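> What follows is each chain in one-letter form.
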Amino acid sequence: MRYLPLTDTDRQAMLATIGAATVDDLFVDVPEVARLDGPIHGLPMHASEMAVERHMKALAAKNLVAGEVPFFLGAGAYRHHVPASVDTIIQRGEFLTAYTPYQPEIAQGTLQVLFEFQTQVARLYGCAVANASLYDGSTACWEAVAMATRVTKRKRAVLSGALHPHYAQVVKTMAHFTGDTIADAMPAITAEPDLDGLIARIDEDTACVVVQYPDILGRISDLTPVAEAAHAKGALLVVVNTEPVALGAIKSPGEMGADIVVGEGQSLGVGLQFGGPYLGLFAVRDPKHVRQMPGRLCGETTDAEGKRAFVLTLSTREQHIRREKATSNICTNSGLCALAFTVHMTLLGEKGLRELAADNHRLACLAADRLAKVPGVEVLNNSFFNEFTLMLGGKPAREIVRDLADRGVLGGVSLGRLYPGVEALEHALLVAVTETTTEEDIERLAQELEASIKETV
Amino acid sequence: MRYYTDEHEWIDVEGDIATVGITEYAQGQLGDIVFVELPEVGALIEQGKDAAVVESVKAASDVYAPITGEITEVNPALEEDPALVNTSPEDGGWFFKMTIADEGELDGLMDEDGYKAFVEGL
Amino acid sequence: MNAPNQSGWKPAMELSEDGMHNGPATTTGNRALMLEEPLLFEIGRVDVTGVDLPAIDPAAPTRLGGLARSEPIGLVGLTEPETVRHYTRLSRQNYGIDLGFFPLGSCTMKHNPRLNEKMARLPGFADIHPLAPQSTVQGALEVIHQLGGWLCTLTGMPAVAMSPKAGAHGELCGILAIRAAHEARGDAREVVLVPESAHGTNPATAAFANYRVEDIPATPEGRVDVAALKARLGPDVAAVMITNPNTCGLFEKDFREIADAVHAVGGYVYCDGANFNAIVGKVRPGDLGVDAMHINLHKTFSTPHGGGGPGSGPVVLSEALAPYAPLPFVRKDDAGTFYLVEEEDREERGPTFGRMTAFHGQMGMFTRALTYMLSHGADGLKQVAEDAVLNANYILRAMEDILHAPFAASGPCMHEALFGDKDFGGGLSTLDVAKGLIDEGYHPMTVYFPLVVHGAMLVEPTETESKAAIDQFVTAFRAVVERALAGDEALKQAPYYAPRRRLDETGAARKPKLAYEG
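Protein chains in written order, with this note's numbering: chain Z, 1 to 457; chain X, 1 to 122; chain C, 1 to 518.
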């Protein structure tokens, strides 16, 4: 077995040192009822690297690779070009095979990266402090709601109807068990989101109002009035962002008065990966809220010789010290994805992120204009960044998406998939366009969409 | 008059207001204090219930209300300088002031000599 | 590194008073291969980028709803050569398994096979979208299905929830399933029992789900006190959460009896599977009466720890809890097609407790873990458990004459050996021993956990170390412990040779500086 260095001679010698006759003597505490007479039945025996590779490649070959076809899926996961050096760096064994930096003297690499990561995220979000990452955007969204209930000592959260439905689902699932009340809504299929309606739902018992920016339909709106309305009632504004590249082109949530900003960081460095591992981002605008934050925080300090150094800090918030009084049960973060994000963001810098955002938006505008010319198709949005909603003239978007896939085009995410069974949303299609999309891809989608609409009843 | 609890808190009673902090012995046990979470002014706290949390780098310890009462004031200096609890635990490092709902509760507490003997017995 | 120091080299230099080598200071602060590296924000520039993109056309029309960014973000960039050098230099200030022995108890720091990395990067896995039409991602759904099948077979459990993102998230999944199962029969329960030696995540998880947490005492031999536990059981107890093997490194030999007693009062048994490596392929938790157990793919199945994540925490479930599993999950129909069961599939989804994450779980970890399982097979995984346990017992016996081993008389340990700090001289502590080991070139063991042992040192060697590597570690560990017993003051200032000396953690917490300012 290529991964196991002990030889039978070693094993015998070690058993002799221990004073055991066989290795089973070391398992004497396992009750009779649970002892097995050999390897577990029903599983194959060990296999060579070559044989395993063959098995896995056969499975991989059954998937349609996004990069090989015109591709327009988004809805919380975006396909961007990741520079080659990102993967080289995250595969360095010193990063890949390190543990959580509990021994800071020999973990300054990870710790300094986390400090750089926290700084990048805080600045991108227009916030004071970001943590060292959470699992993903959806769990970060729940953690923001939970934090708001701690800060305000209230138990009701108002969700915008245009929050990603899976994020809303996660929040509702968790709130059911914590006893918090969640006021959610369906998205209205309108060119502009109904912020007045949202504001009207904020009351004196509201801990926070949760708004996605850009929202699930791709719309962008000024959230300053929502922030003001929330603050007037003593509630916090939580802003959720699922596309960090957008913040290279549009105002940060912090600038508009968001108190907690959370999001998905997958767009930078991480890749699609069928949904995970992703990267939860979490930041607060006011430093006084730091002690109510979930997750790990890396801070700057000095060592005994006065040299600058970094260390995990404010750990008393966390489960390993506070146990049942912790701010969250989170232990693992998304460290390696945070590294990938930071390396990609470092390669981009201010200049690159702005250019990348501009290029995404330019191509999305091109796509929106071209697709609007497809007979029966309308662009819903007044505003968008790199993703917008198409109305398919009464045709079922879910079937169209499947049909497009059969035609070799991954044409978008239907709202029917995201909101199954909601008739009002059945005819809408989300289309995402990034720097990886070519003008040929857009033309191909337009043509196949036209054909598909014609042929779909 | 200064009273002590077996949870290593001290209470100074002046008129109908009590000032509460932790003892020199307690701060020595806790090590370097990095943060003190204080109760809200106006909160009603029962004797023996959590009133504050005092944190070192690797531990968080609850501070219990030595008597029942309403919080009237908290020490603003601790927010800026939690190390006061280490350097001046029984003076500048006080935690909060509270009303005395039931003077009878004071009878169950130790005086200075009693506390000294209590600590020596630990 | 497997051979002892055969070069015969020994440092000839004495330490000066401040503990440093007697050697001239350098201008840069570097010491040959030990290189100081500034922060990104001190070397990056606003107008520099390492990615070639089209220049922005300021005249291009936008549809940004009047919210175009007017303020700078505050980011800086580096070109590719500068980026690679910056992060390569930082990487060299880290200790990883690739570099040396990493006996961090309860964390299972085993070798990460590189085939797993290669497979996870196949475009057919890495470059597919979670919401792609299911007909286009059959291979991905099959990976989830196959991995779930391995986990069920290895644990002897009928069902598995794959979406939890990490161990603690898996615990939450199990506890929520338990709450949902009780709620479904109108049986509100309030209490979860957790042993004192449990991971902090256990009480934090139970408290999250609005349970009151009560401690279960341990016996002097380091196991759950069955009599005390049974005495506490009643109709208010929703579940017990027990780690097995436990955090003292011992197998809970009365687990079955405990499980039967818990079931008899209508409660469920949650098993924390953090230490599954000790019994993988050797014991099936399902045979012990477990109702739910999370499996840390990043421990037992060697997906890399990555400096603190990502993890992955699938949860195996008993028949009683399976109906409450979170969405989505993967099923296979009679025609051999794989499909996702989601919110809309009202009949098939059952009384699920809901959704824990946006998509389907940690796919990138699934491909790695499945690769690892296929490589090892049923025979290899059994050998994994046996070698992990053998290595730990070997270390226990090699140390117990000089280091307090509180449970050495309780029978063999499992995959980790637990020691305490008794009889150290000169006010020295477990922390000093850990820092001394850093100077010897080792990552320290887990320290001060579990809380039930004073100055705990939890040593988990894993199965991917050779006998020579373990012998060499034992030699170093004994040397450091002997210094502690002798009260060697120099140990208080260790480490001397790491990229940094001991840190001012108090200062970091009193005046938190959590982002670069400037």
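A couple of the hints might just be wrong.
As the list claims (entries may be wrong) - Derived lysine-lysine pairs resembling DSSO-like cross-links, with alpha carbons at most 30 Å apart:
| id | chain 1 | residue 1 | chain 2 | residue 2 |
| --- | --- | --- | --- | --- |
| 1 | C | K332 | Z | K307 |
| 2 | C | K422 | Z | K57 |
| 3 | C | K511 | Z | K325 |
| 4 | X | K97 | C | K511 |
| 5 | X | K58 | Z | K153 |
| 6 | X | K49 | Z | K155 |
| 7 | X | K49 | Z | K325 |
| 8 | Z | K307 | Z | K233 |
| 9 | X | K58 | C | K513 |
| 10 | Z | K288 | C | K513 |
| 11 | X | K49 | Z | K288 |
| 12 | C | K492 | X | K58 |
| 13 | Z | K62 | C | K118 |
| 14 | C | K118 | Z | K325 |
| 15 | C | K230 | C | K253 |
| 16 | C | K118 | Z | K57 |
| 17 | X | K49 | Z | K153 |
| 18 | X | K97 | Z | K325 |
| 19 | X | K58 | C | K422 |
| 20 | C | K332 | Z | K172 |
| 21 | X | K58 | Z | K307 |
| 22 | Z | K307 | C | K492 |
| 23 | C | K511 | Z | K153 |
| 24 | Z | K288 | X | K116 |
| 25 | Z | K307 | C | K511 |
| 26 | Z | K288 | Z | K325 |
| 27 | X | K58 | C | K332 |
| 28 | X | K58 | Z | K325 |
Stated by the list, open to error - Between beta-carbon pairs, the in silico distance windows are:
| id | chain 1 | residue 1 | chain 2 | residue 2 | range |
| --- | --- | --- | --- | --- | --- |
| 29 | Z | A84 | C | P54 | 15 to 23 Å |
| 30 | Z | T224 | C | P54 | 55 to 63 Å |
| 31 | Z | P44 | C | G336 | 28 to 36 Å |
To be clear, the hints were calculated from the coordinates, so they are not data collected in a lab. Computed from a predicted model, the values in this text were never measured in an experiment. Note that the Cβ used here is the ideal one computed from N, Cα and C, for glycine as well.
> For the pair we were handed, K49 (chain X) and K288 (chain Z), check the Cα-Cα distance against 30 Å.
holds, 26 Å
> Is the straight-line distance between the alpha-carbon of K118 (chain C) and that of K57 (chain Z) 30 Å or less?
Measuring from Cα to Cα gives roughly 11 Å; hence the hint holds.
> Is 28 to 36 Å right for how far apart the beta carbons of P44 (chain Z) and G336 (chain C) are?
Violated, since P44 (chain Z) and G336 (chain C) (Cβ atoms, about 19 Å apart) do not stay within the stated range.
> Evaluate the given range 55 to 63 Å for the C-beta pair formed by T224 (chain Z) and P54 (chain C).
Violated: the Cβ-Cβ distance is about 32 Å, outside 55 to 63 Å.
> Does K513 (chain C) lie within 30 Å of K58 (chain X) when you go C-alpha to C-alpha?
holds, 18 Å
> Starting from K511 (chain C), check that the Cα of K325 (chain Z) is at most 30 Å away, please.
holds, 23 Å
> Measure nothing beyond the straight line between the CA atoms of K492 (chain C) and K58 (chain X); if it is 30 Å or shorter, mark the hint as holding.
holds, 18 Å
> Is the distance from the Cβ of A84 (chain Z) to the Cβ of P54 (chain C) consistent with 15 to 23 Å?
holds, 20 Å
> Does K325 (chain Z) sit within 30 Å of K58 (chain X), going by the straight-line distance between their CA atoms?
holds, 14 Å
> Quickly compare the C-alpha distance for K288 (chain Z) and K513 (chain C) to 30 Å and report which way the hint goes.
holds, 13 Å
> Going straight from one Cα to the other, do K230 (chain C) and K253 (chain C) come out at no more than 30 Å?
holds, 15 Å
> Does K49 (chain X) pair with K153 (chain Z) here, judged by a C-alpha cut-off of 30 Å?
holds, 19 Å
The structure does not agree with the numbered hints 1, 2, 8, 14, 24, 27, 30 and 31 stated previously, though it agrees with the rest.
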